[in-house]
Every structure is written in structure tokens, then in C-alpha cells.
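Chains as they are written, first to last, in the working numbering: chain A, 1 to 177; chain B, 178 to 476.
This list has only true hints and no planted wrong ones.
Just the calculated beta-carbon pair ranges, DEER-fashion:
#1 TRP238(B) x SER162(A): 20 to 26 Å
#2 ARG424(B) x SER162(A): 24 to 30 Å
#3 GLN135(A) x HIS235(B): 25 to 31 Å
#4 GLU157(A) x LEU422(B): 21 to 27 Å
#5 GLN348(B) x ARG69(A): 53 to 59 Å
#6 GLY339(B) x GLY146(A): 51 to 57 Å
#7 VAL327(B) x ARG55(A): 37 to 43 Å
Please keep in mind that the hints were generated in silico from the structure rather than gathered at the bench.
Idealized CB from N, CA, C, for every residue including glycine.
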Amino acid sequence: MTVVLEEALPLLPRLRRHARLLCGDTARADDLLQDTLERAARKGALFHAEPGPTRQDALRNWLLTLMHRLYLNQRRDAREALHDSLDEEDTVQPLVHEPQQQVALRLDLERALAALPAAAREILLLVCVEELSYQDAARVLDVPVGTVMSRLSRARERLRQSMSGGEAGRAPLRVVK
Amino acid sequence: MTHDDDHDLDEATLHAYVDGQLDPARAAAVADRLLRHPRAAQQVLAWREQRESLQALHREWLDEPIPPRLTAALRPEAANAPRWPRAWAAALLLTVGVGAGLAGGWGGHAWWHAKQEAAERASAEAAARAAGRDPSVPDYVRDAAIAHAVYQPEQRHPVEVGADQADHLIQWLSKRLGQPLHAPVLRDYGWKLVGGRLLPAGDDAAPGAPLARAQFMYENETGERFTLYVSTGARSPEAPVAFRLTRRVEAGQTTRSLYWIDGALAYALSGNFDEKRLRILADLVHARIGMADRAPRSP
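For reference, chain B alone in the conformation it holds in the complex (with noise of 0.2 Å):
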């Protein structure tokens, strides 16, 4: 590492950036600066991959009940009360609880609304597990992985509209999703576009928003192919951006997503390789759309 340009990879800025505490564009500089420092990014990947373990670990206890003695302990009435030893405590305030929402008593009607409506929204979620769909990852995402599994595999017309006519392909796209589109140049780390096409929005959408979504194809010597797919309508243009990581198979295939949010587009790269793969070329593609962003417009 050189001393003058590096000071952008220090310790702080790398913890940062896997935490996702860096402004779109800094953390555009970051990403791009990793692809010339192999060991920055590799630690970055390991903090990450921690990262996500702690995340995963024991996801399901969100789903347990809670225990009548927490949700009661939230009433100023049972704050105030004098404390008798927990376990007496517990079963009384069951039984007051109980009693409250049989009679409506003292805001008692409120309060288990909003028990039925937590329940719901679990029960909600709950359903959308079972049927194989993790509520968290929004719908474009499985639109992007759907969409992959269609076309990736597809010889003959796996584009609508080649990268001969690049040009031509980003304008088109660009106007039908009313936001200026980007189709990194990945051709230095041995990634050529193959071009895109226009899909259309799942039911989603928002009311308003355009219906149209573009995928772009990239492919490698060797044949291999990833998906870049843009959807308008990000709802959280401030937040710092976010990588996460999906999975879904099809066909006996696993296609892995990642996906993020940066200003008014969202982001879904979809690739049948590993996580490692995926991740580096993600942050490639979100470092060079930063680039192209930034970068004044060309007539």
C-alpha cells in the first residue's frame, strides 16, 4: 500500500464501510479502492461475513411468543405497582390482563388491538415463511432472481437488445424507467455486457411509479453470466447503502442475489456462483455506477 492515496482503507473507514455508516459515495470510493487491495478485501469480507452470522443468530427466537409478564410490565399501572416476588407478579397480572380485555376496562380495548394487530402482522409473516418467501427480501428481488433463472440460461435471445448498440439499449431503458441508468463497464475485470432488456414491474409497485424495469446481462470467457436488474421506486434515498443477500433455487439451481438501494434505484445482481464472487463483483458494479454517476454526462 502506497501512503499518500490509502488513507481511504484505514482500519476506522473499513469497519465503516462494512457497517454500512458511509455517505453512497465515500463508500463508492471504498469499494472501488478494495479491488486494488486484495488483503483490505479480504478482511472486509471476513467482518462482513461476521457480521451477517450475528445477524442470523437465533433469528427464530423473533418469532416466539412473548411472555405476559414483559407485555405487562409496559402498563404505567403495573410499574407503579408495589413488587411482589416475579413469579406471584406474573400470574396476577395474567389474570388482570385477562379480565381487562373481557370488560374494555382502563384502555384495555386499545391495548389488545394492538395485541391483535402484532399478532396479525406475525401471523402475516409467518405465512409468507411457509410459503417459502422471506418477508424481508422486498418482491423485486425475487422478480430479479426470477428473472435471472429465465434468461441466463437462454443461448439464442438472451438480451432484447444487444451491447452493439449499447447506446441506444441505455437511453430506451433509461426513459422507460424515468431514471438515468447505467450499465457499468466491467470489461478490465473480464465481464462483458451482453445488453438488457425491459421487464415488467410485479404487482407491487407503487401507485404512480413506472411499471417498467430493466435487466442488464453480463457474461465472462468462460461463459459464465450474472444479471444486473434496476427497479424504480427506492423508498429511502438517505439511507447508507446496504448489501444483502439472498437465495432461491430453481430449477435445482441456486441463484444467489444481492441487493441494495442507492438514491432513487434499487439494485438486485443476480449470479449462480458463490457469495465471495457475488459480493466482489457487487461492490464493483455499485463502485462503477457511483463512477458513472458522478462522472458529467457525456452528449
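Okay, chain A solo, but in the shape it has when bound (with noise of 0.2 Å):
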């Protein structure tokens, strides 16, 4: 177990930037982060991969399917009812990040983040920033892969629409059939 604990503590800074991007608040982010790093040492022993060097992406892959669990049990329990898909979801996160920011780019597309389904923001956040592959992806988040790919989708077009000021734009890439 400690070899786990020792070997988390460079996987820490980034996990923690994607809990804050993923809550949109540091205070919610702190919390969920340390819940996760705690039920990882209690859990450390059901933490199995052989050394070598795929070994920190197996720890790191871990921990966020442990996060996003958690992650997800807080959505749950922040709703009575669960009548729509959590892909429906609709709730615009708070975002208590500090005030000055001197890009509006990506003032832009923090708030525009913080607005999406949680879905599609967990989904956004595991590939294209911790550039997990589709498979991992499909783990951290216990859904098939095809699951994986049409919230990827959905998600980019929803990203982009609303950092294009709600327009629709041009329509998106057909599919090729």
C-alpha cells in the first residue's frame, strides 16, 4: 500500500487540475480529490500491475475511475429523481475561479466547460487532456466504448457551439456512409 501512496504523489498535480476542471470550484474539487485519494489507500491493495513502465498510467487510470465513481455518486445523490439520462443533464456548474483572467480565450472556453453536461465535460477531460485512449476512457467511466465515442462527439460540437456564441454554425461533418 504504501508503494502505492509514494508512487501517487507525481500523478497529484494533475489529478488535482482535472478535479478542479471537472467541479469548476477548487473547494468541491479538494474535497473530491481527497476522497478519492483516501478510498485509494484503503483500496490500495486492490490496486494490481506489473512494473515496468506502463505502470503509472495503470495507477493513473485507477485513481480517475475512483474519482469519477465518487464523481458521479455526488451527481446522484444531488438529484431526487433520475428521470433523464445523465447525458441530458443540463446543470450550469458555479464557477469560483479566480476573477482576473487576462484571456478571454480561454476565460471563454472555461466558462463554456463549466457549462456542459457533466458528461461531456468528464469525457472531454480523460481524452483530449489526460489523453486517455477510447478503451481507458471506456473503463474510467464503466460504459462501452461506443458509449465513449458519441459523448466525445456530442461534446466537441456542443463545446464548439457554445464558445460560438450559442449559434448553430455550419453544420456538422456527415457521415460518411
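Grab the two chains, each in its own frame, and use the hints to assemble them into the complex.
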């Protein structure tokens, strides 16, 4: 278990940014990360990976899995009844980041990301920012790879739309069948 | 778009291409096809731009210190402890942590040692950043940008061996680098090979790896140039091909380099034009090298 603990240290800055972009709020993000790490410390014996170059990635994926499961539970708890799918959820997260932002584009992107449905934000952060493979992202979120791909496609389009001021823009590329 | 040969450009494939999920051969095929489908290419560029701006979002957070309550949470003792209100727990665990560090108690030594190492690594990266170097950019890419800045403006001796001796050039450089090289033919896109030169590897070369690197120079009708720099000793031949961008200002001129690793070779394509053109070129070059690699070798 101590192995996990020491190996996880270099991962913390990335995991913390991941949580902050996911929650859009530093205090909530740190709570989420703390819960994740406590759970990892308790379940450290459950983490199995061969020593080697891929071990660090495996550990990161395992921690991300724990984090996203907790995040999902939070969202479930927050909703009394879950009548529509999480994909369609449209809650806008509060944005409590530092107010003085220099770059307008970044501010737009950050706002747009925070305003996305949670499932869209999750997939963009895992695939684009953490650069997980579709298979790994599917494992972290416990959904089929096909779901990862359809969510990703929708998330990209939504983000693009909200950054272009909500206008519909040109039609998305049609799938050639 | 026609129907029979375009299944390579369906939306799912384009997403996978942008996210580096395709194997190198497939990615090369898609890159090649994108040249003939500007609309799909535009879509790919837009997604790639979005992906990169997401990656850049709050990169500075990575340098922030981690609150002690988070590092403390990793200790199994902390996890099994009863849950106090968080502020109390944090204050308490911090005190316990410092005590452990002084006394070296219950594995505290190893813990602080690891913490120290992480801190040292972070400060080395911060130093590199302060020196104007991005620690995430491999050294060979910096060498490529410098070599570009040195030879690109050269009018009389831009290359060592000219394109009129292209076969000899390729053979010679392949031999010195110990890998079969290709200088892709790009004449149909308006770029002709000027020639190439042999360059020394920097001090980051892996022990036992060849100390030679190659630079190919291309020029178009208006006299614009770009250089393709090739280095051996690439470490992750199985990794999907991912293009990364870096910028360097040299003598008031901005050189952009797109770099990628493909098999045993690492490439950097450098030019003094905008990112969009550089990306299209890099996709093209990468696709052509892939095709040359798969083509039967000419005697």
C-alpha cells in the first residue's frame, strides 16, 4: 500500500487540475480528490499492475476511475429522481475560479466547459486533456467504447457551439455511409 | 465525397485521428485522404485546436503546491481514522505529518523522501521553464528549431548535398543515422526538395545511439522554406503518432516546429509560417513518409 502512496505523489498535480476542471470549484474539487485518495489508500491492495513503464499509467487510470465513480455518486445524490439520462443533464456548474483572467479565449473556454453537461465535461477531460485511449476512458467511466465515442462527438460539438456564441454554425460533418 | 473509398473519413475515424487513437499506418492513410477533402481537413483542424486549447487550460495549476490534507489522505492511517470536520482533520494531520518527518516514525522517512524527490523534480522543471525551455519539449526539437533558424535564410549554401544528387543524399544520411530515411516528394503540393545536411546530435543523445541527425530543406516557388529534421533514438515505437507544436523566437523571427515520433525515428518540421499551414504540411509529410516506408524498396 505504501508503494501506491509514494507512486501516486507525482500524479497529484494533474489529478488535482482534473478535479478542478471537472467540478469548476476548487474547494469541491479538493474534497473530491481527498475522497478519491482516501479510498485509494483503503483499497490500495486492490490495485494490481506489473512493475514497468505502464504501471504509472495504470495507477493514474485506477485513481481516475475512483474519482469519476465518486463524482457520479455525488451527482446521483444531488438528484432526487433520475428521470432523464445523465447525458442530457444540463446543470450549469458554478464557477468560482480566480476572477481576473487575462486571456478572453481561455475564459470563454473555461466557462463553456463548466457549462457543459457533466458527462460531456468528463469525456473531454479524459480524452483530450489526460489523453486516455478510448478503451481506457470507457473503463474509467464504466461505459462501452461506443458510448465514449458518441459522447465525445456530442461534447465537441456542444463546446464548439457554446464558444461560437450559441449560434448553430455550419452543419457538422456528415458521416459518409 | 464519393461513397466507396471514403469509409476512412467517417466521423468516428476523424475523431480517432485527432485523438491519436489510430495505428500509424491508418493515421497516415487518413492524413493522405484529408489532403483531398478540405472540408474534413477543416473539421480535423478545428477539433485539434479545441483539443489543444483544452490541454492548455490552467496548465499553471500543475505548478501549485498540493494542500497537505490531500497528500495526507493517501496514508492508510488517515483513511481509517474517524472523519472529523475537514478543517480540523487537515490541521491535525498536518501536525502529525510534521511530527513524523522529524521523528522519522512509521514509514515517515520514505514518505518525506518521495515528497522531496517530487519537489526536486518540480523545481528542475520550473528552472527549465525559467530558462525559457519547456521541459515537456524534447531536446531534439530545440536543436531542430536552431538548425532551421541557422540554415533557412542561407542563400549560397542552404544544404550540404543538393537535390540533384537526391539518391546519394538519402543513402548517405540513412547510413549515418543507421535507419532508412525518406525525403518525401511534395512537388505536387508546390514544394521541392532543396537538399539536406548531416548535423551532430545534441548532448541528450542516448548512449550507443548514432550521433548524427539529418535535416532536409524544402522550398516553394515564392522562396518560402521549411525544414524536416530527423533524429534517431525515439523511445516509444508503439505509441500512436501525435503531433505536438512548439514555438521559438530566434532573431526576431518565430519558428514553429511540429514534432512527432514514428517508429524508430523522431521528426520535427519547422517553418516560419502559421500553425495551420504547418499542420497541413506535417500531415502531408507524415503520410508520404508512411507510404514510402510501406512501398517496396527500389534497387
